[in-house]
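> Using the sequences provided together with the hints, build the complete structure.
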Amino acid sequence: MTLFPFHGGLVMERRKSLSSGLPVTPSTLPSLLVFPLLQRDGGEARPGVTMGERVLRGQRIAGGDHLLDPPIHASTSGRVVALQEWPLPQPGGMRGSCLVIEPDGADEAVEPLPPLDPLALTRDTLRARLHEAGITGMGGAGFPAAAKLAGDGPPIDTLIVNGAECEPYITCDEALLRERADTVARGTELLRRVIGAGQALIAIESDLPLALEAARAALEAEDLPRVRVVAVPVRYPVGGERQLIQTLTGREVPSRLWPTAIGILCQNVATVAAIHRAVTLGRVPDTRIVTVTGLGIREPRNLEVRLGTPLSHLIAHCGGYTASADRLILGGPMMGYPIGRDDIPVTKSVNAILVAGLGELPVSGEALPCIRCGLCADACPAQLLPQQLHRQVQGGHLPRALDQHLFDCIECGCCDAVCPSRIPLTPSFRQAKQAARTMREERDKAEHARRRFEARQARLLREQGEREEAARRRKAELGQGVSKIQATLAKTRLKRAARISPPAEPRQR
Amino acid sequence: MFAVIVLSLLFAAFGLLLRWSSQRLKVAGNPLAERIDALLPQTQCGQCGYPGCRPYAEAIARDEADINRCPPGGEHCLAALAELLGREPKPLDPACGATKPPAVASIDEPRCIGCALCLPACPVDAILGAPRYLHTVIASECTGCELCVPVCPVDCIEMVSPPARTPHPIRSGPGREAG
Chain S
50 MTLFPFHGGL
60 VMERRKSLSS
70 GLPVTPSTLP
80 SLLVFPLLQR
90 DGGEARPGVT
100 MGERVLRGQR
110 IAGGDHLLDP
120 PIHASTSGRV
130 VALQEWPLPQ
140 PGGMRGSCLV
150 IEPDGADEAV
160 EPLPPLDPLA
170 LTRDTLRARL
180 HEAGITGMGG
190 AGFPAAAKLA
200 GDGPPIDTLI
210 VNGAECEPYI
220 TCDEALLRER
230 ADTVARGTEL
240 LRRVIGAGQA
250 LIAIESDLPL
260 ALEAARAALE
270 AEDLPRVRVV
280 AVPVRYPVGG
290 ERQLIQTLTG
300 REVPSRLWPT
310 AIGILCQNVA
320 TVAAIHRAVT
330 LGRVPDTRIV
340 TVTGLGIREP
350 RNLEVRLGTP
360 LSHLIAHCGG
370 YTASADRLIL
380 GGPMMGYPIG
390 RDDIPVTKSV
400 NAILVAGLGE
410 LPVSGEALPC
420 IRCGLCADAC
430 PAQLLPQQLH
440 RQVQGGHLPR
450 ALDQHLFDCI
460 ECGCCDAVCP
470 SRIPLTPSFR
480 QAKQAARTMR
490 EERDKAEHAR
500 RRFEARQARL
510 LREQGEREEA
520 ARRRKAELGQ
530 GVSKIQATLA
540 KTRLKRAARI
550 SPPAEPRQR
Chain U
117 MFAVIVLSLL
127 FAAFGLLLRW
137 SSQRLKVAGN
147 PLAERIDALL
157 PQTQCGQCGY
167 PGCRPYAEAI
177 ARDEADINRC
187 PPGGEHCLAA
197 LAELLGREPK
207 PLDPACGATK
217 PPAVASIDEP
227 RCIGCALCLP
237 ACPVDAILGA
247 PRYLHTVIAS
257 ECTGCELCVP
267 VCPVDCIEMV
277 SPPARTPHPI
287 RSGPGREAG
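Note that the protein sequences, when read in sequence, are chains S and U. So for the first sequence, this note's numbering puts the first residue at 50; every next one is plus one. So for the second sequence, this note's numbering puts the first residue at 117; every next one is plus one.
Bear in mind the hints are in silico, worked out from the structure with no lab data behind them. Fair warning: there could be bad hints in the mix.
DSSO-like cross-link-like pairs, simulated, lysine-lysine; straight-line CA separation at most 30 Å [claimed, not checked]:
| no. | chain 1 | residue 1 | chain 2 | residue 2 |
| --- | --- | --- | --- | --- |
| 1 | S | 494 | S | 482 |
| 2 | U | 206 | S | 494 |
| 3 | U | 206 | U | 216 |
| 4 | S | 540 | S | 524 |
| 5 | S | 482 | U | 206 |
| 6 | S | 482 | U | 216 |
| 7 | S | 494 | U | 216 |
| 8 | S | 533 | S | 544 |
Given below as structure tokens:
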């Protein structure tokens with residue numbers, strides 16, 4: 050198969066050997082499970098349980114009907130003990146409301162959803178099931194899977210299943226492919242058939258022979274001629290959605306559009322496996338595979354973790370921190386972000402915990418001035434000009450940064466890695482994006498207030514007009530009344546005059 | 117002679133074209149005031165000395181008012197206005213007030229006497245109530261202009277920090293306090 054290289058990117062040390070090849074081992078139940086209510090669109094899911102209520106594994110505990118507000122399910126049986134602020138797996142030490150469940154150890158499950166026949170599945174029933182099962186992307190961004198099936202674009206011709214785990218260290222997708230390639234293969238075929246795509250491509254990086262072999266063997270065993278395994282070159286960030294699409298198809302996803310706009314659906318391997326379980330078994334995702342790795346951890350592992358488990362529990366399960374443990378990073382060293390605490394819970398989009406040992410990762414030293422060498426522009430896979438963007442952001446010219454497509458930045462960190470002045474470019478872009486979102490929200494709010502103000506002005510004007518109109522009418526009526534009275538008066542006067550006319554002599558003197 | 121004729125004809129032709137396009141492509145309203153208005157925070161608070169954001173925008177467009185009279189907009193709004201109009205940014209006019217953190221009005225309901233005086237004061241109809249009934253502020257619609265605060269005869273309106281984006285209180289179970 051012909052592959053198409055994407056712009057920029059980096060070839061870097063992979064460091065996957067720490068956890069690569071290790072089996073997936075189940076983690077134990079922690080003493081508390083924490084379920085963040087924050088949804089992908091920034092809103093919070095509405096809790097649907099009462100305080101102290103006993104919930105079962107797979108029971109819906111929060112969420113709504115909107116596709117961007119998917120349900121959240123309990124991952125074991127236990128009691129709801131709190132709804133409180135808790136640190137979230139988000140950059141910048143963000144906190145948010147979380148439901149806290151105390152497991153009772155029984156691990157009792159609710160009745161699974163009725164299994165669906167994959168052959169009789171339509172797009173609508175699949176979308177409804179994916180929403181009901183609360184399936185969100187497990188590759189990192191956590192986009193609700195049902196929302197990708199909205200079906201408002203052109204027909205989808207290619208399904209891409211993303212097993213390209215391009216970040217150093219992370220091996221959870223590789224572990225999944227090694228051990229459960231058959232589920233991935235069946236899930237891929239199921240999804241491909243429902244969306245009517247002519248082909249499905251499972252992308253795996255070429256330096257992972259075990260995963261490639263397992264996936265190929267599964268396809269052969271299942272006899273799926275429309276699904277292919279493609280070995281993609283090892284070049285960071287080939288696993289980025291847009292970069293992977295370009296690598297496989299040569300097509301570029303336009304700025305600000307989703308891949309479905311050009312007839313491509315992209316899902317992570319773990320998401321596809323979860324979709325298969327949700328359809329054929331009616332089971333909602335209650336675990337995910339998390340890579341716990343780095344020189345700062347005693348025994349790196351690929352753990353199958355209950356959703357909601359605090360990171361500290363996983364770290365203890367892996368033998369705890371080593372003496373050299375220095376930094377805790379959620380995700381990989383490139384797109385992950387440092388976190389200052391380990392009580393953050395695992396969600397569906399947490400794929401790895403990296404405990405970096407002392408000196409394991411480059412230290413971000415004092416940033417020197419930009420010498421405008423342009424290395425960052427060469428490395429940027431989104432074909433942006435990071436040095437220009439940085440200038441605009443530093444100068445506070447947010448609108449100009451937006452004009453230069455700040456929002457196309459995928460925050461891959463390539464520009465930071467090549468910058469000879471060690472300028473923290475990606476963090477500043479991340480911050481600027483946040484500031485731009487806040488600005489847009491404020492603008493929307495102002496626009497809303499303006500509309501209400503204008504509506505009120507129009508209403509006041511109308512009411513005043515109505516009042517004046519009413520006053521005029523009353524006056525006119527009054528005028529008419531007055532003339533009537535005068536007419537009557539005149540008539541009576543005439544009558545009286547007629548009656549008292551015989552005495553010709555006027556009485557008055 | 118020929119050159120003169122050609123040039124006069126060209127001038128005449130372009131003159132007619134300009135006249136036609138100025139009529140044909142005329143923009144209704146005042147586009148500059150509109151663009152200024154789009155940058156203002158729309159609190160309609162009147163701290164600038166004009167009865168609302170739109171009149172202030174029109175005054176700026178007519179060059180009658182300075183750009184530093186909007187405390188709710190703050191530095192950000194000032195910088196955007198300066199950039200739009202190509203002027204030097206300058207500090208906020210202290211006569212207009214100071215920039216405060218975002219706030220919304222809140223009625224202390226036990227103290228409200230239902231006088232309905234705050235209802236017409238609100239520029240965005242964010243107060244719900246009727247004479248001799250309890251009033252309440254619709255927090256999501258309040259712009260924080262503070263115009264309702266001085267008109268309250270019993271001083272029961274205070275400015276509080278705005279609520280979180282989507283507050284969904286948990287339903288409290290029987291016999292248990294919500295955590």
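> All hints, please: hold or fail.
Do the hints match the structure? See the list:
no.	hint	in the structure
1	494/S x 482/S	18 Å, holds
2	206/U x 494/S	26 Å, holds
3	206/U x 216/U	18 Å, holds
4	540/S x 524/S	24 Å, holds
5	482/S x 206/U	26 Å, holds
6	482/S x 216/U	24 Å, holds
7	494/S x 216/U	17 Å, holds
8	533/S x 544/S	16 Å, holds
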